[in-house]
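> Quick note, the sequences are listed as chains A and B, same order.
Those letters in the first sequence? Residues 1 to 244, by the working numbering.
Those letters in the second sequence? Residues 245 to 539, by the working numbering.
The set of hints was computed from the structure by calculation and includes no laboratory data.
Predicted model, so just to flag it, every value in this text is computed and none were measured.
Heads up, the beta-carbon is just placed ideally off N, CA and C, and yes, glycines get one too.
Incorrect hints may have been included.
[Unchecked claim] Simulated coverage check for chain A against chain B, where a stretch passes if three residues somewhere in it have a Cβ under 8 Å from a Cβ of chain B:
id, region
1, 61-75
2, 138-145
3, 158-166
4, 172-186
5, 203-209
6, 213-222
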Amino acid sequence: MKTLILGTAALALTAGLAFAAGHEKTVRMGTEGAYAPYNFINDSGELAGFEIDLGNELCARAELTCEWVKNDWDSIIPNLVSANYDTIMAGMSITAERDEVIDFTQDYFPPTASAYVAAADNADWETGVIAAQTATIQAAHIAEGGATLVEFATPEETVAAVRNGEADAVFADRDYLAPLVEESGGALVFVGPDVPLGGGVGMGLRESDGELKDKFNAAITAMKEDGSLNELLVKWFGEGVQTY
Amino acid sequence: MFEFCEDPSTLDSLRWFSCYLTNGVHMQFYGSFIKVLALLAITAPVALAFGFAGAMAARSRVAPVAWFGKGYIAIVRGVPDIAFFLFFVIALDQAFEYIRHRVLCPDWTDPIRQGSDFLVCQQAKLPLGSSPEWVHETYGFFLAVITFSIVFGAFAANVLYGGMRAVPRAQMETAEAYGMTRRQTFWRIVVPQMWVYALPGLSNLWMVLIKATPLLFLLGIEDIVYWARELGSTKTARFSDYPHGDWRMWYFLGLLVFYLAMTRVSEVVLERLMVRLTHGQATTGGEAQRKAVAA
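Whenever a hint applies, use it, and build me the whole structure from the sequences.
And the structure:
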């Protein structure tokens, strides 16, 4: 009994030293849950996808207790900075603009290609009406170019806008669009060139959370080195995906 | 749910739908109806209480109390709901955490605001970072009830204030002639009679409240509109056993039926309530009732 108490005390002491600021902390991980294959809600109503698998593995490696939280894309950054959750893993590309407000880990998904999808091959993706999700790098890219931008709150609505003729094309991550095009039976096609945008997808954290950022960075590096990150990429995005 | 749901792609459409509509994600959708109804059931009486208190404060003879009541009514009614829901809830949450931070972590030296970050010590977090997800959800629900009650309470206060003033002056004079105090007049004469004047306005508020629940998602509560949008969106065979196209229209049609049913039930109940409240009142409605009985 005595050794048990001593052991516990020693453990508590070392644990106290290791996490001087936040002991017994659960890391709450924010995601959107509407962007397959990155993150989505499966048939049984649970979160699933590449980022869910990856996030759980990263937490296991960093020895953290993690919990997923769903949040609307529109308010995903404000809720992070007011500390309603601690990380964002929602297919969020690393950009200079976002980096001013929050911090990012290194990328866990290589810089992505964005693509145009339209209802017909001859669609006007250069100067026509292009649908994109609000506050994404794709929306920013269209706004700078010659096309007319229409913004929607969810990725689903951007694709629906093309199907019902409201927009000439939708501009989004190629990996999000690919399964939709594949299963549309020819109703949707890729048009125009692929556009490389952003600095890869990373995990978003508060600027003041340097300690947590270092832990996740270390875990991502380890997963890149032993090839397990590549395995996850192939599992969720198929053989053609860019790997590390 | 059923045994034959193992491989949905082989099923005929009736069985396919019976599996599809009973899978886990649909169960959460049905659960959200209960969540919305519970919110309405809790919010309506609380908002009415806020309204009653606001109206009483507004007609108080103590000047600061009257200013407070009138200020509450004017400010909350003037701010758009969506701004109120975005600003007030975060402010309320941060106020709670700030107070707890002051009490629980007096030795904390770091600034609470660092750039755009709002940081309090772990023990002051609400709910605690280590608490399970249902605690977070209940807390969010609680914030939603408070916010809805404050917003709708302000409207209700104005309606009740009008209702109190609409009680005929002769009734109050008679009460005074009988020697009742101001307090007695209020509780025995004004309050029982004001409802008939306030009910049309209150019923409007109730109808608006029923339809205001999508604002819940701003607070992270998944209401029926969120789930209808999520379930109706295109599902591909790679990520779901039940692939389908854009079915949002059908889900929203279902919501339309739900809302219309809610409205109809409310109308019937409010109609009956009106008949009861009109009984014996010095209004045209009360007069008509009296004549109908007499004839």
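> Which numbered hints does this structure break?
2, 6
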